[in-house]
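J.: Sequence:
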Amino acid sequence: NWFIETPYLLEHYPAPAVRFYLALNNPEQKELNFTWQDFVQTNNSVLVGTVGNFVHRVLSLSKKNFGRTIRLQGISGAVRFRIEQTFQNTSAHLERGEIRAAAGEVVRLASFGNQYVDRNKLWNLVKENPKEAKKIVQDCLALSGAFSLLLYPFVPQSAQKLRSLLGIAAIAPKEEKDQWQYAGLPSKISLAKTIIPLFSKIDEKHIALEVAKLNRT
Numbered sequence: 001n002w003f004i005e006t007p008y009l010l011e012h013y014p015a016p017a018v019r020f021y022l023a024l025n026n027p028e029q030k031e032l033n034f035t036w037q038d039f040v041q042t043n044n045s046v047l048v049g050t051v052g053n054f055v056h057r058v059l060s061l062s063k064k065n066f067g068r069t070i071r072l073q074g075i076s077g078a079v080r081f082r083i084e085q086t087f088q089n090t091s092a093h094l095e096r097g098e099i100r101a102a103a104g105e106v107v108r109l110a111s112f113g114n115q116y117v118d119r120n121k122l123w124n125l126v127k128e129n130p131k132e133a134k135k136i137v138q139d140c141l142a143l144s145g146a147f148s149l150l151l152y153p154f155v156p157q158s159a160q161k162l163r164s165l166l167g168i169a170a171i172a173p174k175e176e177k178d179q180w181q182y183a184g185l186p187s188k189i190s191l192a193k194t195i196i197p198l199f200s201k202i203d204e205k206h207i208a209l210e211v212a213k214l215n216r217t
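In this text, residue positions in the sequence shown follow this note's numbering: the first is 1, and each later residue adds one.
There's no promise every hint is true.
[Stated by the list, open to error] Derived lysine-lysine pairs resembling DSS-like cross-links, with alpha carbons at most 30 Å apart:
id	residue 1	residue 2
1	Lys63	Lys177
2	Lys205	Lys63
3	Lys188	Lys177
4	Lys193	Lys134
5	Lys131	Lys177
6	Lys127	Lys213
7	Lys177	Lys64
8	Lys135	Lys205
9	Lys64	Lys121
10	Lys201	Lys64
11	Lys134	Lys63
12	Lys63	Lys135
[Said to hold, decoys possible] Pair by pair, the computed Cβ-Cβ distance ranges are:
id	residue 1	residue 2	range
13	Gly67	Glu11	33 to 43 Å
14	Trp180	Arg119	34 to 44 Å
15	Tyr8	Lys131	31 to 41 Å
16	Gln37	Ser190	25 to 35 Å
It should be emphasised that the hints constitute simulated quantities derived from the structure, not laboratory data.
Owing to the predicted nature of the structure, the values given are computational and were not obtained by experimental measurement.
Quick reminder that beta carbons are idealized off the backbone N, C-alpha and C, glycines included.
Let the sequences and hints guide you as you build the complete structure.
T.: If you want it as structure tokens, here you go:
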């Protein structure tokens, strides 16, 4: 018989954390069993640890090794296929109101991106084979560009923030125009002067504090 008001959540926690948790966990056909532990862990391990981690490591590594201004010469077929597949899948889910499934597709693409970076050992490749590393970086920047649109229905402010970090135009939804497709990045992008994290962690001490508040009611 407990309930947590939305204004309380937004006053004490980042809006992207609240929005993404609900998108990823809210079942469309039954009630949500919310727990503070699940909320904090979803933010820290999924939104920050998977999606945010991929974007931040890619943009930071790109800027450090190739400078702010990067000329793009295309992406690999495998990465383009995964991006386009994710747009198709999320489009189908969103059309049917399956928000949870759509958000899950975005997380899976971020997991693919992190695995792609790890598999190619990009942090070593930039030293051993800069030319090959730049190809991998361009693939990862393409994925980051895709996330700047894929995240928009769930965490719109964060999506716009990512576009700013990539130095590309903000999303401007237009009525009666289908913008839900991967258009690619411009041939040249200028990364932000400072690469800041896209999302922020929530201290796990808040779990016990919030549970204690509930137990006092």
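J.: Hints the structure violates: just list their numbers, smallest first.
T.: Hints 1, 2, 5, 6, 7, 8, 14, 15 and 16 not satisfied by this model.
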